[in-house]
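Just so you know, the protein sequences line up as chains A and B, in that order.
Each step along the first sequence adds one to the number in the UniProt record's numbering, with nothing skipped, and position 98 is 98.
Each step along the second sequence adds one to the number in the UniProt record's numbering, with nothing skipped, and position 64 is 64.
In case anyone wonders, no lab produced these hints; they're calculated from the structure.
Virtual Cβ for every residue (Gly too), placed ideally from N, Cα, C.
Warning: the hint list may mix true and false statements.
Stated by the list, open to error - Covered stretches of chain A, as calculated for chain B (at least 3 residues, CB under 8 Å):
id	segment
1	10–16
2	89–95
Unchecked claim - Some but not every residue of chain B turned toward chain A, in silico, with C-beta under 10 Å:
id	residue
3	R176
4	D179
5	R181
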Amino acid sequence: MTTAVRNEVRVRGLRRVFGERAVLDGVDLDIAPGEFVALLGASGSGKSTLLRALAGLDGEGGGEIDVPDKRAVVYQEHRLLPWSRVWNNVVLGLQGRDLRKRAEAALGEVGLAAHADAWPLTLSGGESQRVALARALVRTPDLLLLDEPFGALDALTRLTAQALVADLWAEHRPAVLLVTHDVEEALLLADRALLLADGRIAREYVVDLPRPRSLDDPRFIALRRDLLDGLGVRAVATSRAVTSKEAR
Amino acid sequence: MSADLLDPPRSALPDLAEPAPAARSGPAAVLAAALGPLRRARKISGLVAVLALWEIAARAGWLGSTTPPLSDVAARGWEMASSGELFENLGVSLLRVLKGLAIGLPLGLVLGLLSGLFRISEDVIDAPVQAVRMLPHLALVPLFIIWFGIGETSKVGLIAVGVVFPLYINVFHGIRGVDERLVESARTCGLGRLGLVRKVVLPGALPQILVGLRLSLGVAWLTLVVVEQSATASGIGFVINQATQFLQMDTVFLVLVVYALLGVSTDLLVRLIERRALAWRRGLVAR
Chain A
1 MTTAVRNEVR VRGLRRVFGE RAVLDGVDLD IAPGEFVALL GASGSGKSTL LRALAGLDGE
61 GGGEIDVPDK RAVVYQEHRL LPWSRVWNNV VLGLQGRDLR KRAEAALGEV GLAAHADAWP
121 LTLSGGESQR VALARALVRT PDLLLLDEPF GALDALTRLT AQALVADLWA EHRPAVLLVT
181 HDVEEALLLA DRALLLADGR IAREYVVDLP RPRSLDDPRF IALRRDLLDG LGVRAVATSR
241 AVTSKEAR
Chain B
1 MSADLLDPPR SALPDLAEPA PAARSGPAAV LAAALGPLRR ARKISGLVAV LALWEIAARA
61 GWLGSTTPPL SDVAARGWEM ASSGELFENL GVSLLRVLKG LAIGLPLGLV LGLLSGLFRI
121 SEDVIDAPVQ AVRMLPHLAL VPLFIIWFGI GETSKVGLIA VGVVFPLYIN VFHGIRGVDE
181 RLVESARTCG LGRLGLVRKV VLPGALPQIL VGLRLSLGVA WLTLVVVEQS ATASGIGFVI
241 NQATQFLQMD TVFLVLVVYA LLGVSTDLLV RLIERRALAW RRGLVAR
């Protein structure tokens, strides 16, 4: 696998094999600077594998990957070091002066400036995830990789966190790759939604709806149906309809 | 040592069981204020009862002539303390333990770090260490006496050997037990190898390392008792041996009490270190 550094994301023919199975089999992917791309796919379709390859966490696999040098990752679990105070977690691995100030500024953006000196174990799940966002933001990444970052949050907290990500993206404009299961989340946030199936990008949906987006916009609903269709969710609904007919 | 010592120190906990005095008024406040000391009194009441029972039973002669009453033991303690005999021998014993720890603990720590951090050194170090660990180190007493003579070297050496293994194993497993995901995310945050060890691996392994320290200190006292059983002319082990030969039962009991106090105080010391070094866990405890 060759990896080069540039300003946009460019992946060509990425292949990753686990044992006998090719999880990624010729993935081509482009993300322009400042573009928000959502990556959808069934469980085990290789979404996280692709994200890990872009993050530089997976050295194995073949193909070409060009990514910006400044990258940051937010995982499904917050992955904060419990033995470091919140602000130390935010600036982990950074060097230079005014680290404390930079940490406080980033924490301020996610509304947690008051918790700079707290221990991570005292935070709630949503707060921890916001700290993880601050930790990513403080690095002013050109590419922000989000690996189901809202997956472990409860429904209400998830809505606020999604809105926060939308705001932060609008403010800082990094390129974003959001891996998610949630079709609505993808359509609320992304410029494009990609569907990963059989080891490659099977379909692309351009989401050219004005922001902020609304769940009851008819175009939103149409896109949502399209995407669910692509994910194969419709098939279940149809078969259920058939069985109910038979029952009658 | 009681399991209670392993629990988080009560002072680190918010007063969950005891109602906050400020929130109450009238008789309830009086009750709450009385509850704190009452609880403390209850905690030591068991110990006091046992000691009182000992005193009464020995005075009444129920325990036979070989068990002196507590007051005699205390008097003997005072006598030996004021003559300097107790502290002189205690000093000798403490020095043996300290020397043994000074050799054994760094050795266990370094070997554990090497095995935990590098695959190559794990392959080289772990198998022989595990093999030697299977041998009860107290079985080495005769060998050490033949090798190093009956002087200090064999005693200190055996204490050193004894404390290596508990620390080694806990350092090793502490490091291996650090959450791989934390290491991975810290790496994406730009930490290098050294930074990962310093900021992620070592702090993550620290709780387990301190468990190892606690076990090692226990082993050190145990080994001290055994090596001072024979071929020594000083130390608290010598004191108890001599007293046994002359059937000075008050001295025998006194040394046993001293052993107990030594064990308790080292455990308190480690607990103090834990409270300092693992302060981040208090949040966990409080929830």
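Structure-based check of all given hints:
1. 10–16: violated (count 0)
2. 89–95: Contact hint for the segment 89–95 of chain A vs chain B: holds, 3 residues under 8 Å.
3. R176: Interface hint status for B:R176: violated (17 Å vs cutoff 10 Å).
4. D179: holds (8 Å)
5. R181: Status holds, d = 6 Å.
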